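Turn these sequences into a full structure, and let the hints guide you.
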Amino acid sequence: MKIRPFWVLAHRYAGLAMTVFLIIVGLTGSLLAFYRELEQALNPQLHVEANGRPPLDMVTLVESAERLAPQARVDSVWLNPGAADISVSPRPNPATGQADALDYTQLILDPYSGEELGRRSWGDISQGLSNLMPFVYKLHYALALGEWGGWILGITALVWTLDCFVGFYLTLPAAKHAQPQEQENALSGHTASKRSFWQRWRPAWLIKWRGSNYRINFDLHRAGGLWLWIVLLIFAWSSVFMNLGDTVYKTVMQTVSEFHQPWTEFPDLEKPLQHPAVGWREAYRIGQQAMARAAVEQGFQVEAPMGMWLNRAKGFYVYNVRSSADIQDKFGQTKAVIDAGSGEIKLLLLPSGQYNGNTITTWLMALHMGNVFGLPYRIFVCVLGLAIVMLSVTGLVIWLKKRRAKVFHDNRRLQRQPR
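Each residue of the sequence shown is one higher than the one before, starting from 913 at the first, in our numbering.
Do not take every clue at face value.
Claimed, not checked - 25 Å max Cα-Cα, derived DSS-like pairs, lysine-lysine:
1. K1258 / K1226
2. K1106 / K1120
3. K1162 / K1226
4. K1162 / K1258
5. K1183 / K1258
6. K1183 / K1120
7. K1120 / K1313
8. K1120 / K1314
Bear in mind the hints are in silico, worked out from the structure with no lab data behind them.
Source: prediction; values computed, not measured.
The structure is reproduced here in structure tokens:
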């Protein structure tokens, strides 16, 4: 088989395999570009105004959550405008080691008073509209199927990344073999009749709006993929990070750059940590002090604490702040990793300017989540989600058209054969 026909088939069947998944992530991604606004509109009861009140520190909020839900243990706390999101899991019984199931995984607290605003099982659509946007997020990230869905979309993202290069290659003009007259012209120095590479490639960038429906569909697919190629590649590869971050993405990035993340640096403990020797308040104090020292030593400014979480499987806390090293508009990704057994600082990571791989990843995620360049870029991300749906649907239409033509010609050939 010739090289180009092989890649045509590869692009065709990769696209078919991804169609349903890309339609899902495209539609949900358009909504997620405005996640916070939609979440607040659907759940106004889960958000409050500051009215001049200073927010409580994160550990005070953790302690409030533990008082409000003594049967639960806190796994993370994140500060958002008008709400503190506390993720919880069942607290094991000290006598039996067993834990009763909870009908919620998240407490939402008033960040200024510590009072409860609500509780829900995050992403469980059976609980009604209060979980619509979390469900959309789970659908986008893992098809709302848990670990299996994450693997499915991770593999889809990897295929999508590779297919970006295949699709780009297929838009290039095929190698043009010189005809006898052209060879004669070339030998005599007359080259005016020979079209340049760009002249032959230019139609791939255009849409012939006055063509047939099929031609318009084909041009939308080819030209749309070309004009959006860089952005599509960014979104495809960042999706690999989101779902295959500790396997494929880590391996590739560490091959070409220096890249570190808390979950890739340290092995799992023999047993998940149930009762850390270092509590939340002590870890918070250690994290604050370590971040203040690092700011002086490495020349950045700490702007605000953003969140803190406990990784029981690996035995460490991660203290997150927003700093001048952050790229994203809304969130802080400057991290201090604290050993939950000894209180030792295991790792301190800046989102930019420290390791090349981490800087690249921060930019990829900021672009993917629409957290840079303000409202205009978020609108672009919303429209891009719809464009991904368009590319998937037009690709399917192209395949159906060619399949019908092939079936028609096969039937005609069979009818002509002597019986």
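Against the structure, the hints:
1. With a C-alpha separation of about 12 Å, the suggested pairing of K1258 with K1226 holds against the 25 Å cut-off.
2. In summary, the hint linking K1106 to K1120 is supported, as the alpha carbons are separated by about 24 Å, within the 25 Å threshold.
3. Note on K1162 and K1226: the hinted pairing holds, with a Cα-Cα distance of about 18 Å set against a maximum of 25 Å.
4. Distance restraint check for K1162 and K1258: the Cα-Cα separation of roughly 19 Å lies within the 25 Å cut-off, and the hinted pair is therefore satisfied.
5. Under the criterion of a C-alpha separation no larger than 25 Å, the hint pairing K1183 with K1258 is consistent with the structure, at around 19 Å.
6. The straight-line distance between the Cα atoms of K1183 and K1120 is roughly 62 Å, outside the 25 Å bound, and the hint therefore fails.
7. At most 25 Å may separate the alpha-carbon atoms for a hinted pair to count; K1120 and K1313 meet this at roughly 18 Å.
8. Only pairs whose Cα atoms come within 25 Å are accepted, and K1120 paired with K1314 is accepted, the gap being roughly 20 Å.
Of the numbered hints stated above, the single one contradicted by the structure is hint 6.
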